[in-house]
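Colleague: Please put together the full structure from these sequences, using the hints given.
For reference, the chains in residue letters:
2 protein chains.
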Amino acid sequence: MAYEQLNETTVIEYIRGLPEVKSVFSDLSDLHVREIGDGNLNYVYIITSNKDPNETVVLKQAVPFLRIVGESWPLPKERMTFEIMALETEERYCPGLVPKVYHASHEMSLVVMQNLKDHAVLRGEMNQGKVFPKLAEDISTFMARTLFYTSDRFLDHRTKKEEVKKYINIDLCKITEDFVFSHPFYRSDTNVYNEKLSQADIDLVQKDGELKIRQAEMKYIFMTRAEALLHGDLHTGSIMANADETYIIDPEFAFFGPIGFDVGLYIGNSFLAYLAHAHRQVLLGNEPVEYRTWILGMIRDTWNLFAQKFERLWAEHHSANPEPFWDQPTAEQDHAEYRKRSLARIFEDTLGVAGSAMIRRTLGLAKVSDIADIEDLDSRARIDRMALEMGKELIINRNRYDGIDPVISLATSISPADQAIG
Amino acid sequence: MAYEQLNETTVIEYIRGLPEVKSVFSDLSDLHVREIGDGNLNYVYIITSNKDPNETVVLKQAVPFLRIVGESWPLPKERMTFEIMALETEERYCPGLVPKVYHASHEMSLVVMQNLKDHAVLRGEMNQGKVFPKLAEDISTFMARTLFYTSDRFLDHRTKKEEVKKYINIDLCKITEDFVFSHPFYRSDTNVYNEKLSQADIDLVQKDGELKIRQAEMKYIFMTRAEALLHGDLHTGSIMANADETYIIDPEFAFFGPIGFDVGLYIGNSFLAYLAHAHRQVLLGNEPVEYRTWILGMIRDTWNLFAQKFERLWAEHHSANPEPFWDQPTAEQDHAEYRKRSLARIFEDTLGVAGSAMIRRTLGLAKVSDIADIEDLDSRARIDRMALEMGKELIINRNRYDGIDPVISLATSISPADQAIG
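Listed in order, the protein sequences are those of chains B and G. For the first sequence, the working numbering assigns the number 620 to the initial residue and increments by one for each residue that follows. For the second sequence, the working numbering assigns the number 620 to the initial residue and increments by one for each residue that follows.
Among the hints, a few may not be true.
One copy or two, either will do: identical chains are not told apart, so a pair holds if it fits within one copy or between any two.
[What the hints assert, rightly or not] Using 35 Å as the maximum straight-line C-alpha spacing, the simulated DSBU-like pairs for lysine-lysine come out as follows:
hint : residue 1 : residue 2
1    : Lys-719   : Lys-753
2    : Lys-793   : Lys-815
3    : Lys-785   : Lys-696
4    : Lys-838   : Lys-793
5    : Lys-928   : Lys-826
6    : Lys-928   : Lys-784
7    : Lys-928   : Lys-793
8    : Lys-736   : Lys-749
9    : Lys-749   : Lys-986
10   : Lys-719   : Lys-785
11   : Lys-641   : Lys-785
12   : Lys-719   : Lys-986
13   : Lys-928   : Lys-1011
14   : Lys-696   : Lys-784
15   : Lys-785   : Lys-838
16   : Lys-1011  : Lys-826
17   : Lys-641   : Lys-670
Derived from the structure by calculation, the hints contain no laboratory data.
Modeller: Here it is in structure tokens:
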């Protein structure tokens, strides 16, 4: 059917017309709908049976403009095509870590999927100081499997290139190029930040020549390296979780880019949570050290588990499908060394992206509630400055860290785990 | 019209039906045709007026198989689409350095173009010891302009990504991945080499663990870095020249890849010519030093002029289109430093590709006549070993050369310019 923007009335009619949801709803005649419009880009409807609240789905529809701004900022609704394709690929390699899709329509730019009603957005939960014991395990699995199985390490040459072509995602990449890699690093009109930051604080980022060079390199890497299918927006706001389960949502930014991008965005956002809790734990009436130590451990585990899992998938695939190229007597140890060096390069990109994420969330347009919702602006400014300092160091010296432990040490040297702010 | 493989009879009918060639031929009723079938892939016809030999064109048609093998090796004739598109792009940025196209048909997988009858293939000419005073100037211009104007350094984000998508060239890239980056580096059935090379000579390449790792990295770079529209097969056999003019032909391997690939392939082939002339100049009755010194100077000039021209195009574009990102007080010198480091990375790729080209032309399937046509197999083996030694060093230590001069020194340390072989 031709594209039509749904509303709370027509969305029910649309759902009733779908054979795929008959497995969810025992009675399609008695549904109610609620729009949960907290998104910047799309419309999201929760459709639930009046008889049984467990019979429920989510319908997400893209509109041909940026919702947060309005029709004056056009954004092709075809971005939903990337989300639908990526959800299918992620489901193939990580069933149970992405919402189950019941129905998708490229024409209508919509997807009908599992309502994660027993889960909440990770960022909000972490702001409340909740611990997620399975988080590092699940996120590292998601990253290792989606990134390995869509890379040249696994796919044959033809499939990989056909996939790259399918996922050329011009408009959404442009948002990242501008708002993550560029605007926060100069005096852009789009930037928004804590009024308690001084010009001198900002100039430490925006006037530093070496940082500019190293950041321009990161943007170029993002624009030119088609290594694997990225989620493209993998921060703590794109994850829904409870104590038992983790779901990764919203892959509309998906495209083939550098493997370190997904890993770096997640780790950068996690370090922002670490910094925020120097203050948030005080508000919650706790000594900060316990929760912040959990976050640092989660970051450490996330990288180490990701690297181990990615490396193991690669090693196993290599053993099961021997490449004649590696036929020298020392091939086994040489290939292990090749994998190790490749992971080291991914780590370098990871740190550069983590630093970019920390700076852009401090100076750029899109904020993280972890820090931006802190009401005491002086406390917030102390944390903002730490985020800028750490982000800058990671971008400039990303090639000088030989593992996650020195990066954790960097974080604790900037803000000791027991530091209480405010 | 639907695809039809032409022959010497139907090609004349086809030419007569083209309005575009009326500017070339004063009389379309009196033409003769000659197939010059030295290609491995395609059919090439020369069509000339019987009245005036200056009235002449070339028609090149792709067939849906690898011509050198036959119909048993299918290869999509759509490869001509890439050649047609690339010829148009190259003509836009380098008029006079590519043959003028009169007519192109994607459906018929053919192109009708300027007959370069006053020029000869550079490789054959250099084998004869001819000097080309304008070569470095012209090749460096071609590389700098085609590579700059198709990169993110010049194109806007949208055009670049649309172009990347158009130029996904799966089958031809596969040939390079296999025959340049893989097969020569292990005991592959496809390899062909001088019987005078010992297993020990070959094992110095094929059994070296560090070389395998560094070569696997080069292949991955080729497969993942979409930096600019490459010619994709830029060696001395893809160039036609005389003392005054240089034409770059046959861009059917065109795709978006690492900038250093084109530069490295050309420089690697030129170093092979340098090595070959330790023997060829003796056969020609000359002291080798003069011609070989010219080749080294041509290589030096090619890199230095390429780097200067690319850098200047970038600097000028940057000045004329200021990017707000570079707004710090030291922006001018910082951007210059950024350009310098970017060129250094291109140089690193260049050397890795040059080394791959030198080894693949020695051990792989496709040979270069410079060396492979040397009849004295012992002399040829001495040169083969030098090519392997230099290729290996360039691949392994490609990051340790800070300019072309130390690479020239490497060549003369392996074979002094005045060395006479055979």
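Colleague: For each hint, tell me whether it holds in the structure or not.
Modeller: Cross-check of the supplied hints:
{"no.": "1", "hint": "Lys-719 x Lys-753", "verdict": "within (20 Å within a copy, 64 Å between copies)"}
{"no.": "2", "hint": "Lys-793 x Lys-815", "verdict": "within (30 Å within a copy, 56 Å between copies)"}
{"no.": "3", "hint": "Lys-785 x Lys-696", "verdict": "both (16 Å within a copy, 22 Å between copies)"}
{"no.": "4", "hint": "Lys-838 x Lys-793", "verdict": "both (11 Å within a copy, 28 Å between copies)"}
{"no.": "5", "hint": "Lys-928 x Lys-826", "verdict": "between (40 Å within a copy, 29 Å between copies)"}
{"no.": "6", "hint": "Lys-928 x Lys-784", "verdict": "both (27 Å within a copy, 31 Å between copies)"}
{"no.": "7", "hint": "Lys-928 x Lys-793", "verdict": "both (31 Å within a copy, 29 Å between copies)"}
{"no.": "8", "hint": "Lys-736 x Lys-749", "verdict": "within (18 Å within a copy, 77 Å between copies)"}
{"no.": "9", "hint": "Lys-749 x Lys-986", "verdict": "within (21 Å within a copy, 65 Å between copies)"}
{"no.": "10", "hint": "Lys-719 x Lys-785", "verdict": "both (22 Å within a copy, 33 Å between copies)"}
{"no.": "11", "hint": "Lys-641 x Lys-785", "verdict": "within (31 Å within a copy, 42 Å between copies)"}
{"no.": "12", "hint": "Lys-719 x Lys-986", "verdict": "within (29 Å within a copy, 54 Å between copies)"}
{"no.": "13", "hint": "Lys-928 x Lys-1011", "verdict": "both (29 Å within a copy, 33 Å between copies)"}
{"no.": "14", "hint": "Lys-696 x Lys-784", "verdict": "both (19 Å within a copy, 20 Å between copies)"}
{"no.": "15", "hint": "Lys-785 x Lys-838", "verdict": "both (22 Å within a copy, 23 Å between copies)"}
{"no.": "16", "hint": "Lys-1011 x Lys-826", "verdict": "within (12 Å within a copy, 43 Å between copies)"}
{"no.": "17", "hint": "Lys-641 x Lys-670", "verdict": "within (15 Å within a copy, 79 Å between copies)"}
Of the numbered hints given earlier, the model fails none.
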